[in-house]
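Q: Throughout, this note's numbering is defined as the position within the sequence shown, counted from one, plus 4.
There could be a bad hint or two in this list.
[What the hints assert, rightly or not] Calculated pairs, EDC-like style, for lysine to aspartate or glutamate (alpha carbon to alpha carbon, straight line, at most 20 Å):
no., residue 1, residue 2
1, Lys104, Glu119
2, Lys58, Glu33
3, Lys95, Glu67
Because the hints were derived from the structure by calculation, they are not lab data.
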Amino acid sequence: MTLNEIANVLVAGCRSGDTKPNLDRLYSEDAVSVEPVDYGDGRAAQGLDAIKGKHDWWDSAFEVLGGSISDPMPHGDDRFAVIFEMQTKNKETGAVEDMKEVGVYHVADGKITREEFFYAS
């Protein structure tokens, strides 16, 4: 897949709620996911299984009430960015929060090898 194909498939999956099936399709086995701060397990999730674990945690902790996902913004032939804006509800506390983040995705050999998220903490 080309960078633009990967970017478009990722965004379409996020918009439709099909993020988990895309993990095996789009990510390399040794991909890394990096958060801006350490929430207790370190900032980086190393490997596809760890990234799947992040998704499982998110799905168990939050309900997405609404939001939007930008079209991908390519940068050369090895990176793209996506802006995520959403309203979430913490399943444990019931707290509702508006959040906005930028995801930067690095691609090599037809797979996402690194994702980095930027947002105010």
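Q: Determine for every hint whether it applies to the structure shown.
A: Hint check:
Only pairs whose Cα atoms come within 20 Å are accepted, and Lys104 paired with Glu119 is accepted, the gap being roughly 16 Å. Pair hint Lys58 plus Glu33 holds up; C-alpha atoms about 15 Å apart against a cutoff of 20 Å. Between Lys95 and Glu67 the CA atoms are separated by roughly 7 Å; this keeps the pair inside 20 Å, and the hint holds.
In summary, this structure violates none of the numbered hints.
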